[in-house]
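Participant: In order, the protein sequences belong to chains A and B.
For the first sequence, this note's numbering begins at 403 and goes up steadily by one.
For the second sequence, this note's numbering begins at 947 and goes up steadily by one.
It is worth saying that the hints were derived from the structure and are not from the lab.
Please note that the accuracy of each hint is not assured.
What the hints assert, rightly or not - To spell it out: a stretch of chain B is covered by chain A in this simulated footprint if at least three of its residues, at any positions, have a beta carbon under 8 Å from a beta carbon of chain A; those stretches are:
no., region
1, 1130-1136
2, 1148-1161
As the list claims (entries may be wrong) - Okay, the calculated beta carbon distance ranges per label pair:
no., chain 1, residue 1, chain 2, residue 2, range
3, B, Phe-971, A, Gln-536, 49 to 55 Å
4, B, Leu-1031, A, Arg-581, 23 to 29 Å
5, A, Lys-570, B, Val-1150, 49 to 55 Å
6, A, His-535, B, Arg-1128, 43 to 49 Å
7, B, Phe-971, A, Ser-441, 32 to 38 Å
Quick caveat, the model's predicted, so the values are computed rather than measured.
No residue lacks a Cβ here, since even glycine has one placed at the ideal position from N, Cα and C.
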Amino acid sequence: MTASVEFRALRRVFGKTVALDGLDLIIAPGEFVALLGPSGCGKTTALRCVAGFERPDSGAVLVDGRDITNVPANKRDAGMVFQSYSLFPNLNARDNVAFGLRVRKVPAVVRHAKADELLELVGLPQHADRYPHQLSGGQQQRVALARALALEPRVLLLDEPLSALDAKVRVALREEIRRLQLDLGITTIFVTHDQEEALSVADRVAVLREGRLEQVGSPAEVYDRPATPFVAEFVGTMNHLAGQVTGDQVSVLGQLLPVDGKVPADPSVDVLIRPEAVRVDLDEDGGAEVVTASFRGASVRLRVAVAGGEVLADVPGHEAASLGPGTRVAVRLVERPVLVAARTVTVPAPVVVADAV
Amino acid sequence: MAALTGLERVSGAAARPRVWRGVVFLLAAAYFLIPLGASFWYTVHTPVEGVSLSAYGELLTAEGFVRSLLLSLGLAAATIVLVLLLSLPAMLAVRLFAPRLRPVMEVLCTLPLVVPPITFVAGIGTSLRVGTDVLAPTPFWATIIAVQDPGFPVVLVLAYVVLVLPFVYRSLDAGLRTMDVRTLVEAARNLGASWPYVLFRVVVPNLRSALASASFLTLALVLGEYTVASLLGYEPFAVWIVTASGSAGQLSVAVSILSLLLIWLLLLAVSTVFGREKQK
Chain A
403 MTASVEFRAL
413 RRVFGKTVAL
423 DGLDLIIAPG
433 EFVALLGPSG
443 CGKTTALRCV
453 AGFERPDSGA
463 VLVDGRDITN
473 VPANKRDAGM
483 VFQSYSLFPN
493 LNARDNVAFG
503 LRVRKVPAVV
513 RHAKADELLE
523 LVGLPQHADR
533 YPHQLSGGQQ
543 QRVALARALA
553 LEPRVLLLDE
563 PLSALDAKVR
573 VALREEIRRL
583 QLDLGITTIF
593 VTHDQEEALS
603 VADRVAVLRE
613 GRLEQVGSPA
623 EVYDRPATPF
633 VAEFVGTMNH
643 LAGQVTGDQV
653 SVLGQLLPVD
663 GKVPADPSVD
673 VLIRPEAVRV
683 DLDEDGGAEV
693 VTASFRGASV
703 RLRVAVAGGE
713 VLADVPGHEA
723 ASLGPGTRVA
733 VRLVERPVLV
743 AARTVTVPAP
753 VVVADAV
Chain B
947 MAALTGLERV
957 SGAAARPRVW
967 RGVVFLLAAA
977 YFLIPLGASF
987 WYTVHTPVEG
997 VSLSAYGELL
1007 TAEGFVRSLL
1017 LSLGLAAATI
1027 VLVLLLSLPA
1037 MLAVRLFAPR
1047 LRPVMEVLCT
1057 LPLVVPPITF
1067 VAGIGTSLRV
1077 GTDVLAPTPF
1087 WATIIAVQDP
1097 GFPVVLVLAY
1107 VVLVLPFVYR
1117 SLDAGLRTMD
1127 VRTLVEAARN
1137 LGASWPYVLF
1147 RVVVPNLRSA
1157 LASASFLTLA
1167 LVLGEYTVAS
1177 LLGYEPFAVW
1187 IVTASGSAGQ
1197 LSVAVSILSL
1207 LLIWLLLLAV
1217 STVFGREKQK
């Protein structure tokens, strides 16, 4: 029941904005791919092209090798869960789930049995008779998920289904979506702007920027070896430190680190360092000072004043007890290859793009 | 919201607004009920015979009463069907595919409020006359004659569709605002629904109260419409009332009261039919 999906040179323009600018991506059968990017990067447009709500200006969408670009939305074999609550207000949960089966004239007994089975699958067996306004946001999205799965589609499309939910429900539901997806082995495309969400559930993450694919790879690959500075900054938090390249090494904050990837022509560069790659040690004579410390559960994020600028550092919670604001410290970078980009800063500065909760 | 039965004890602070509420209620009631009561008194009381309901008895046998009332009801039903079939798909299409045309549509639909009915009817009259002449040598001549059939003047339905458009547009627009039309339509399309299925099984059921109020207003307007019908020479209910009042004063007022009651009952019926969703 599962299928491959291929975007082939997909292009879509709305007025002056180019939503998709030649997107190429192949998704294997049974794969869970997250389309990640800032708002306006074209990720939702790409998904809507698969659903049939958007017609690309050029290029094609292929499902299992068959070009479906011109197939009307109601003839496509893709279940979709929407960002906003999309349950039919006049139908209860069971009838919502059974809607697609009713359209296909499946007998009432069969479709109700199927709907009950699916509601059980999403953990809402007791809520079949409730109307959407009697369900919480998380429950509504579960029902919407069951409804999308009712027709046993070959592709599941998730358009930021969790963004309207509160943090805790969001985490629980995304794990459940992943579990279901693995059980059913259904090809899934998950659109999100939340990098943490993308990294935690997807087999592969495709980072989009201005309608183009920046990088696609496993979550670990995208996080640890971002292909471009944009990906590095969008996925997670990055410190920008001024560095000087010599040979295939770069000197930064008094340390010499190997450069990851190609060395730019201009020796003055930005060195991109993750907060967890910054070590902070108590040091009376250290050249740095803790400015703020914000508790994040397992770790503490420190903002440290250093060399005329600031860097962010993540340290384990137990170490942070002695690192209150005002403490003199020494900052050291973990010895491993670092990414460099064209110079944009003169003093160390943290750049936080789409920082997850 | 907790229901108020009106029997709860109200503390001193809340008592003052209640007095005002009572005053406003009484004033409003007086404004509506005194003229109505006076009219009723006029129909049942004559200085000579005293109190009698004979005026109402005469009604049912009066020439033209049943015919004009049925005509008005038929016109109202046809207008409701036609205006809803025209405006709802159009409004949906504009919302879904051409949101930029919404202001244009709004202005167009509100226009009939600005054009005085007398201008409107003069235009229709001229068009019909000229149209009949122009179309005389063509097969459409039969059509233009048929729409003017005094038994069921289709031309009145067309005119009423235009006249009620502002009200219908407002009601439906308010109803469509309460739901996320685009997402619901896309969800239904995604589940394999054809366009007619989307319209009748997804949009209409969620638009019941808006459709009800659109129907209300159309019904009320068509039953009470005088200018266009009278100037085009037809005799639906409102025109018949005026004609009848010339000959028998008491009778015509009785008809007015009866028609008021009738419209009220019809509205009640429409609201119970459409209002079932409220019992959730």
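Participant: Would you mind marking each hint as holding or not holding in the structure?
Facilitator: So, going through the hints one by one against the coordinates:
1. With 6 residues having a Cβ less than 8 Å from any Cβ of chain A, the region 1130-1136 of chain B passes the three-residue criterion, so the hint holds.
2. Counting residues of the region 1148-1161 of chain B whose CB lies closer than 8 Å to any CB of chain A gives 3, so the stated coverage by that chain holds, three being the minimum.
3. Checked against the hint of 49 to 55 Å, the pair Phe-971(B) and Gln-536(A) fails, with Cβ atoms roughly 35 Å apart.
4. The supplied range of 23 to 29 Å is broken by Leu-1031(B) and Arg-581(A), whose beta-carbon atoms lie about 47 Å from each other.
5. About 38 Å separates the C-beta atoms of Lys-570(A) and Val-1150(B), a value inconsistent with the hinted range of 49 to 55 Å.
6. Between His-535(A) and Arg-1128(B) the beta carbons are some 19 Å apart, a value that contradicts the proposed interval 43 to 49 Å.
7. The hint said 32 to 38 Å for the Cβ distance between Phe-971(B) and Ser-441(A), and at roughly 52 Å that hint is violated.
Consistency with the previously given hints fails for numbers 3, 4, 5, 6 and 7, ordered from lowest to highest.
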